[in-house]
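Sequences are here, hints too, so could you generate the full structure?
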Amino acid sequence: MNRVIRVEHLARVEGHGGITVELDRDTVRGVQFDVFEGLRLIEGLVKGRSFEDVPQIVSRICAICSVAHAVTCIKAIENAFDVIPSEQTVRLRDLLFRGENIESHALHLFLLALPDYLGFPSATAMAAEHRNVVELGLRLKKLGNTIQETIGGRAIHPVNCVVGGFGGAPSVNQLTRLRTDLQRGLRDCERAIDLWASLAPTDFCHSDTVYAALTPPSGYGYYQGSEITMLTRGIPRVMPAEELHLHNRETTITHSHARHSSFDGRPFMVGALGRLAVNGEKLAGGAVTAMQQLGLELPSDNPMDNNKAQVVELMFDIEHALAEVDSLLNEGLRRERATSVRPREGMGLAVTEAPRGLLSYRLGFDGEGRVTSANIITPTAFNASSVEDHFAHAVTQSPDKSTAALTHRLEMIARAYDPCISCSVHVVQSQRDT
Amino acid sequence: MPKPAVGMFGLTGCAGDQLTVLNCEDELLGMVELLDIRDFLTASSDRDESCPLDIAFVEGVVASKRDEERLRRIRARCDTLVALGTCAVCGGIPAMDRDFDRDRLIVDLYGPGGRQFDALPVRALHEVVSVNVKITGCPIEKHEFLACIASLLNGDLPILPEYPVCMECRLRENRCLLIHDGLCCLGPITLGGCHARCPSLGVSCVGCRGPARDANLEAAVMVFEQHGLPRDVVWQRLQTFAPVPDGRLPQAWEER
Ligand code: SF4
Ligand code: SF4
Ligand code: SF4
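Residue numbers (the numbering used here), protein chains in the order written: chain L, 1 to 434; chain W, 1 to 256.
For the record, the hints were derived by calculation from the structure and aren't laboratory data.
By construction, the Cβ of each residue, glycine as well, lies at the ideal position given by its N, Cα and C atoms.
Just to be clear, a hint being listed does not mean it is correct.
[What the hints assert, rightly or not] Going by beta-carbon spacing under 7 Å, a handful of chain L positions derived as facing chain W:
| hint | residue |
| --- | --- |
| 1 | ALA11 |
| 2 | LEU41 |
| 3 | ARG49 |
| 4 | SER50 |
| 5 | LEU118 |
| 6 | GLY119 |
| 7 | SER122 |
| 8 | THR124 |
| 9 | LEU138 |
| 10 | GLY153 |
| 11 | ALA155 |
| 12 | GLY168 |
| 13 | TYR220 |
[Claimed, not checked] Okay, the calculated bits of chain L under chain W, using three or more residues with CB under 8 Å as the criterion:
| hint | stretch |
| --- | --- |
| 14 | 12-18 |
| 15 | 31-40 |
| 16 | 59-68 |
| 17 | 141-149 |
| 18 | 330-336 |
Below, the structure is given as structure tokens:
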């Protein structure tokens, strides 16, 4: 007997997507992660545009990851024109990425994912019984936004990031206020860890996932670096970012406007869990304790652990941001102008870690600095094949094959990936390249 | 007073305006006590997809048949339709497609298979249905959204600025990037309300809130020309967040 399990319109995720699983008795015949987002064709629309306008345009690919889009684009432009940003710029960008990561993780963990664990349809419904928990999540989310406002000039679509540096530097007053918020954030984050450690285990999907993440030159971060590590069965392979573009196969699939990615024929997972799998040894301080408290072992074979991985990153980012703000206050910020830019013909490539995983930009320019080609691969595009793989595993491994039970598990897996569906579309490569 | 039934919807966009609503961290829980939120897919799996609504907030553009059908259904079930964000109000970034051959773009990006996608040329909401309130911004400003809710709760329509960004910029006593530095700042023709975010940081306004009321495009273009800014760079920037009406060059340019 054949049946189809369909989640028409996935709630509590960013953007418009659904899930379809076809079963022949209890055997999985087909799995689809459907994307219904309209086309915005942004990679095409930036062609012919002066490099200065491009970061503001691409940031609109996705609000939650707008810092990552704008700044990765800037990094690619700087690589193309051999612009070397100041040390202060690099530090502020690093901090800005952490702000975005904190906001995005807190939003996802508390407003989107947690209602599943506590049995509510939404965070506002959850607030009726667990007001403290929702307020805790909102405070952490706001902390991330405060960092983004302080450095980026706006919580969404940062206005202060320009090629070569920043428009203005934050004031001492702003940084001092931010320090107070971060101190409170540390205490809040400890409560968040206690909460997530107390939840019932979500143990219904196991597989030997391949992970990929940026390899930072030092420490645990999201902005710096130009190499990628692929981790297959615990064995790392480090490669320059260019190689990802060469080996990555993206195929146009009609059920979704997103490209599906695989590396040497295997799907791979990017995001917090992938970053921890690849760079977990670089963690220090409260994040290490958090990992023990949450019972997170690396590399994990359970995609649901991505939620725990986000909790661990929250802790690391808040501690790291606090230390960084302290040292910026001690050393004093310089008023500096953005490094000047002389455009030239060429290609610029950049990779970073957006909250949901690897983000890659490859931009071509003519001699006057106008875009001749744009190729953007987003985390949700990288993850599209992997999430389908995990849907299939979750169904196969579920002892209860009723539609209600399977639907619930599929939705939880989808949410654990924290897909950002706006991102997955219009961010594609043509079939010619594959 | 019964709580108004409210829906929050996203068509094709980046979700930044819905996210701005969720970013009202200090007001969110108080706000949901005053409203009866019936349909908000991004935030809740418990939704009523057909009940009549007093207020519908709609973000994004119409870029597919699916978007168009959803928008028409939303219009049919709501009293007050609020367009949320520059995309919904003017077309925003995706409406830059008006300057391109769309078929070529789609084939370039997705291959010939892309032609099967459900994709329409981009339209702002008012090009498809009637719109009652327009809150612009990319994304919207929190304070304008909250003021709008407060007005609607009182049975009024919100009063939003109609003056350009320059007005706010002057009040903040910023150095003028256009006059003093000859940069392509779109403040003179862009709708205020953002407290001149960008120029206050020394960055040119790129027009993310769409055109100010009665914006004098011709005059602005002449000033840009006086400062020697290349014509095509200015033109492209003008078209970034809102298509210039009729897609026509300002007359001052055409005459020469
Ligand atoms: S107006 Fe701006 S923030 Fe709103 S959906 Fe469009 S691109 Fe996103
Ligand atoms: S800097 Fe821009 S917004 Fe400010 S006054 Fe000058 S033109 Fe207007
Ligand atoms: S100054 Fe211009 S670009 Fe900046 S936020 Fe205001 S309207 Fe948008």
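Interface restraint verdict for GLY119 (chain L) against chain W (beta-carbon cut-off 7 Å):
violated (11 Å)
Please check whether SER122 (chain L) passes as an interface residue: C-beta within 7 Å of a C-beta belonging to chain W.
OK, holds: SER122 (chain L) within 7 Å of chain W, min 3 Å.
Cut-off 7 Å, beta-carbon criterion: hint that LEU41 (chain L) touches chain W:
This interface hint holds because 5 Å falls under the 7 Å limit.
Hint validation: THR124 (chain L) versus chain W, beta carbon distance must be below 7 Å. Holds or violated?
holds (5 Å)
Given hint ARG49 (chain L) near chain W, where the shortest CB pair must fall under 7 Å
holds (6 Å)
Hold the hint about GLY168 (chain L) up to the distance rule: shortest CB distance to chain W must be less than 7 Å.
This hint holds: GLY168 (chain L) lies near chain W, its Cβ roughly 4 Å from the closest one there, short of 7 Å.
Against chain W, is LEU118 (chain L) within 7 Å by beta-carbon distance?
violated (13 Å)
Given a cut of 7 Å on the nearest C-beta pair, is the interface hint for LEU138 (chain L) held or broken against chain W?
holds (4 Å)
Was the hint right that ALA155 (chain L) lines chain W, CB cutoff 7 Å?
holds (6 Å)
Does SER50 (chain L) hold up as a contact with chain W if the rule is Cβ-Cβ below 7 Å?
holds (5 Å)
Per the CB criterion, is TYR220 (chain L) less than 7 Å away from chain W?
violated (26 Å)
Are there three or more residues in the stretch 141-149 of chain L whose C-beta lies closer than 8 Å to some C-beta of chain W?
Satisfied; 3 residues make the cut.
Of the numbered hints listed earlier, those contradicted by the structure are 5, 6, 13 and 18.
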